[in-house]
Amino acid sequence: MISTDQIQELLNSGGTVVGGEGEKIGKIGQVYLDDETGKPEWVTVKTGMFGGAETFIPLAEGTIDGDTIRVPYDKDTVKNAPRMDDSEGHLSKDQEAALYEYYGMAYTERTSDSGLPAGGAPQQNTGERKDLSGESGVQGRDTSGPTTDDAMTRSEEKLRVGTEKVETGRARLRKYVVTENVSTTVPVSHEEVRVEREPITEANRGAATSGSDISEEEHEITLHAERAVVEKETVPVERVRLGTETVTENQEVNEEVRKERIDTDGDTGTATGGEEKKH
20 MISTDQIQEL
30 LNSGGTVVGG
40 EGEKIGKIGQ
50 VYLDDETGKP
60 EWVTVKTGMF
70 GGAETFIPLA
80 EGTIDGDTIR
90 VPYDKDTVKN
100 APRMDDSEGH
110 LSKDQEAALY
120 EYYGMAYTER
130 TSDSGLPAGG
140 APQQNTGERK
150 DLSGESGVQG
160 RDTSGPTTDD
170 AMTRSEEKLR
180 VGTEKVETGR
190 ARLRKYVVTE
200 NVSTTVPVSH
210 EEVRVEREPI
220 TEANRGAATS
230 GSDISEEEHE
240 ITLHAERAVV
250 EKETVPVERV
260 RLGTETVTEN
270 QEVNEEVRKE
280 RIDTDGDTGT
290 ATGGEEKKH
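Position in the sequence shown (first residue = 1) + 19 = the working numbering.
For the record, the hints were derived by calculation from the structure and aren't laboratory data.
Incorrect hints may appear among the rest.
Straight-line C-alpha distance at most 30 Å; calculated DSS-like pairs for lysine-lysine [said to hold, decoys possible]:
1. Lys251 to Lys278
2. Lys194 to Lys98
3. Lys65 to Lys46
4. Lys251 to Lys43
5. Lys58 to Lys184
6. Lys65 to Lys251
7. Lys251 to Lys177
8. Lys278 to Lys194
9. Lys177 to Lys94
10. Lys46 to Lys194
11. Lys46 to Lys98
12. Lys98 to Lys251
Quick list of simulated restraints, FRET-style, between CB atoms [to be verified]:
13. Val276 to Ala116: 38 to 48 Å
14. Gln270 to Ala190: 33 to 43 Å
15. Asn269 to Glu176: 48 to 58 Å
16. Asn269 to Glu80: 25 to 35 Å
17. Glu176 to Ser32: 36 to 46 Å
18. Val272 to Asn200: 12 to 22 Å
This one's a predicted model, so the numbers in the text were calculated from it and none came from an experiment.
Ideal placement from N, C-alpha and C gives every residue a C-beta, glycine not left out.
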C-alpha cells in the first residue's frame, strides 16, 4: 500500500509513473484520496501533446520504486483508459466503477479494501483531486466528506510547457545531367600555292638545262591544312553534401488552467478587528 508520505515525496521531486516492464508512462499529475481513509487511491498521468491530457490509474496494485510509481499496466492500456470529467475535484460512483471495470478490478472489493465497511454502500464521491506539492502532510479533504479537519486545501493548475522533436520534412541531394554549348576559338593553319621565280645563274644552270630544250611538263605538290579536333574528358570539380543547423525561435503557447477559489457561505461571524480573507 502506498502511503501519503511517499506520494508527498514524489510530488515534491516531480515523480513519474512507469509500467510493469519499466517503460515510462508519464509524469505524475494529481493524486486522488479516498474520502473515508485519506489514502491515495488514484493517480493521474500527463499524456498527449505537451502533457495536455490526464489519465487515471488505480494505485491499489502500485508500488514505489525510487522516484517512480510502478503500476502493472503498459502505456497503451493507460492511454486508452476512459477520460473522466473531474472539474469538481471528485470522481463519482459511476466514474469509479467504469475505471475499475476497464482495469479489470472489482469495484465492490476495492471499496471495502479502501476502508469502507465490507458489504456497505459505497460513497457517492470516493476520491478528491489534491495538489499535494508544498504541503507538510496529506490532509485537507473536502468538508463535505465523512471525516475532515477544520481546513481545506486550495489547488490550482500550473502550466508546464516542454518541447519534443518531431519530423517536419525530408531533404535530399539529386544529381542530374544538363547539356550546354561551349564556344572557343582555336588557331588553325593551311598551306597555299605560291609561285616562286629565280633567275638562271652559274650555280643552277646545270639543273635548269638538264632536260629537253623545249617540252611540256607538269609538277604536282600536296597542300596541307589543320582542322579543329574536339575531345572531351570528365574531371571532378566539387563535392556537395547536406548538413543541418539548429535555429531557435520563440513560439507562444496558450492554454487554459483552472484554479480553485475558497469563499464563505453565510454568516462568517468575523470578530472585531479581524479580517475576512478570500482566496
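Which hint numbers does the structure go against, in order from smallest to largest? Numbers 1, 2, 4, 5, 6, 7, 8, 10, 12, 13, 14, 15, 16, 17, 18 - these are the hints that the structure violates, sorted from lowest upward.
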